[in-house]
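Protein chains in written order, with my numbering: chain A, 822 to 900; chain B, 152 to 562; chain C, 6 to 375.
It should be emphasised that the hints constitute simulated quantities derived from the structure, not laboratory data.
Values in this document were obtained by computation on a predicted structure and should not be read as measured data.
You may find that some hints are simply not true.
[To be verified] Cross-link-like lysine-lysine pairs, in silico, DSS-like; alpha carbons within 27 Å at most:
# : chain 1 : residue 1 : chain 2 : residue 2
1 : B       : Lys-407   : B       : Lys-533
2 : B       : Lys-425   : B       : Lys-441
3 : C       : Lys-13    : A       : Lys-846
4 : A       : Lys-842   : C       : Lys-71
5 : A       : Lys-846   : C       : Lys-307
6 : C       : Lys-371   : A       : Lys-846
7 : B       : Lys-387   : B       : Lys-409
8 : C       : Lys-13    : A       : Lys-842
[What the hints assert, rightly or not] One side of the interface only, derived from the structure: several residues of chain C facing chain A at Cβ under 8 Å:
#  : residue
9  : Leu-316
10 : Lys-340
11 : Ala-341
C-beta: ideal position from N, C-alpha, C; glycine also.
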Amino acid sequence: MATVILLIAVFTVIGLFEVPKILKKGLWRELLVFSSLLILGFTLSVLIALEVPLPSPVKGIRNLMNPILRLLGIHTHLS
Amino acid sequence: MRVRRYMRVWAFLAIVPVVLSVTGCWSRREIEDIGFALSIGVDHAAEEGEIMITVHIAKPFAISTGVTGAVDEKPFWQVSSTGHTVFEAWRNLRQQCPRRPLLHHSRFIVFGEEFARGGIREAIDFFSREGEVRETNTVVVAKGVKASEVVWNEFELERMPAEGALGIMKIAVQELSTTVMVTLNDFLQMLETEGHEATTSRAELVRRPPSEDPRGELKRETISVSGRETGAAAFKGDKLVGWLDKTQTRGLQWVKGKVRSGIIVIEQPEEENKLASIEILRADSTVTPKISNGHPSILIRVGALGNLGEVQEYFDPMESQETWTSMERRMAEVIRHEIEAALDIAKLEFDSDIFGFGAEICRKYPKEWTDLKDKWDEEFPKLDVEIEVEASLRRSGLTRRSMRVVRNEGG
Amino acid sequence: MTVLEGGKISGRQFMAVLIVLRAVPLTLVFSLISNANHVQDVWITVIIGAAVTIPFAVLVTKLSLKFPGKTIIEYSQILLGPVIGRLLGLVILWCFLCTSIDITRGLGEAYVIAIMPETPIYAFMIMLAIMSCYAARSGLEVTCRLGEDVFYVLVFVLLLTYMLPYNAMRFENLRPILAWGVSNLVPPIVANLGYYSQFLVIGMLVPYLNKPEDATRYAIYAVLISGVLMALAAVALVAVFGPTANSWTLPLFSLSRMISLGDFFERIEAAVMAAWTLSTAIKLSLLFWAISLTIAQLFNLKAFEHLMYPLGAITVALSLSFFESMVDLEDFLAKAGAMSSILVAGLTLALLYAALGVRTVIRRRKGGSG
């Protein structure tokens, strides 16, 4: 829980650091992209801090690439 | 504006790693809490299937006070610990060690003879995997005793056992060439290279009568058990198969081109029962493999330069060219004998290619080697090895001719 | 439309950041040697890799020069239309993001493995991300100037690391050459090209060169110099470690640990770690800059420097969750990851050139009819 509070603090600092600068220039579109990225980062961080298992695209990429790699004679023992 | 910003970022980039490594965040280690193990010995423990390691740990307080005055305390502490694996045994050391033992400054990895004969495979991985151990550690096998006894051999001229042993090792390799200095990196490579069996230095105990000094253990004047680094241990795979004596070891070093210096004793020409010593200046060698009709053979060419160091009877090189050249011939003959001695024991007794002939064949004839390598054990003892030695004497020291001793035999 | 990035970089800086980009995995995991069954041939695979990469780099540069002042994200929208162009942009974005995730995790793992096993890995990754975001936020010009300095430091440290273990080197370890057939060369080549395909970032940099016409020349220099650095690394590693060269997790770090000149000049690995950190920070800040610019150009934003810190947070979070272990990371970098980035880079280039060809043909016909 302490980690989550720390994360909230960190992301608030990032927000407080950037948002006034964006607002001063009146860039609403930028604010939208910025906040969605920030929220995405925050969500991921909190999920990891709470040790929620996240799906990793690494497995998918491996499954896609393994047939090609096998053609080249490269074997991986990780699925 | 741009420049200032750039400087600011640079400063930031530079500061972060420094702060990270200096404070060390979590992995902080105070010098007061650690003890450096200087060499580590590996043996079988008394319990079946367990490994015993023995280290000697430097006592910082004994060293720091001992620079000028006499210290009544040994500057090191030897301690053993057991476990199912080397790593576990090493960790178990913490049961007895009030300071955290670290291997960053270790110099030696010693295997006991009994352990080495059983194979060192199960013990060697730890040393390359563990970040504290440098690959520049020297690997040694203790002859006839457990590694635990050799690890803390004391030497009169050095306070720390490991420093003493390292000093002996370096000098013996440079000035005698009768031992081999094998680092952990060399050792691992020899284990992994096809057609090249491993060798390490051989450590022996030297026992002297115990001191009878009335001042007792702490004020010892002499050291009762010391060590010697001489000869070599020959492995086959990961198992110790036997020992090379000093002559055979130098034979091995001739072939590998690693002879740096040493003394060759020959019979003085034209004199009976008199000897001459030749100091080796430098030597080189080439090992050329050849395969004809699927039959491998090896040509060893050794070149050696020497100085005449000593004669036991009057000698003047200006008097006859023949004596000088016959000295060179005898020097070459001794070198050839040393190489043959090493070849014989490796071929007939050990059946272990400690010279790396197989590896040489693999480098020159990689295709043929793929067929040869599986039957190399049978091929190696039958291998034709031709030795060509070219020895030459360069100088005769400060005396041109020997001093004469005028004998008044009639009396 | 406002200019997003106002900075200009010199050709030499362009070359320096490209070399740093390629040298980061070299100083850390050096997948080429770890994936070679017979390490003697690795330097040959470096040469082959460079020979394949030079045309790739030249093609990317030439394409960028056809659209002066436009990044690969912008001109792919021109060539392929706004929808497919944007999709391609997203794929490129994904590649950049993956690369930054890989190297963030890689540096963290290296620190944990090499010196501080008890420290949580995210400590290093967060530090790195903050450094890189800070540098990237200062603009391309600052990043590239830093990149040039770091390049000199890197070359110095690398050459030192190659030369100083000379008393442990045995050059006969390099023989036999090419004794195990060509199939043994494939895994290192795939790993090498996988990293080299990150040179797609050239498409983001060329518009900001002060003399864009120099781009081709410096791109070739970058491939050659990074190739030489890698070939020397392979030679030094094999000379020192022989057949055990492919057993190390961090080969160059282990190489630097072999340095001992007398008793006074030991423990040079601190310099190697400084080189890791600085070069990874530069690479990451370049990637953060490229990702933010890509996002800005995909979504028609007017400013992009605000996106750095959120991006850093996402990168750190994803690099923690992407890989289960160092083994997982190494395997991915050298095999599936490498293969996928080769495919993406190759197909992107093929697609763009095909579109360019079609466009030229249509134009000519129009010109002919009109």
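Hint-by-hint comparison with the structure:
no., hint, result
1, Lys-407(B) with Lys-533(B), "holds, 20 Å"
2, Lys-425(B) with Lys-441(B), "violated, 41 Å"
3, Lys-13(C) with Lys-846(A), "holds, 24 Å"
4, Lys-842(A) with Lys-71(C), "violated, 36 Å"
5, Lys-846(A) with Lys-307(C), "holds, 10 Å"
6, Lys-371(C) with Lys-846(A), "violated, 44 Å"
7, Lys-387(B) with Lys-409(B), "holds, 21 Å"
8, Lys-13(C) with Lys-842(A), "holds, 24 Å"
9, Leu-316, "holds, 7 Å"
10, Lys-340, "holds, 5 Å"
11, Ala-341, "holds, 4 Å"
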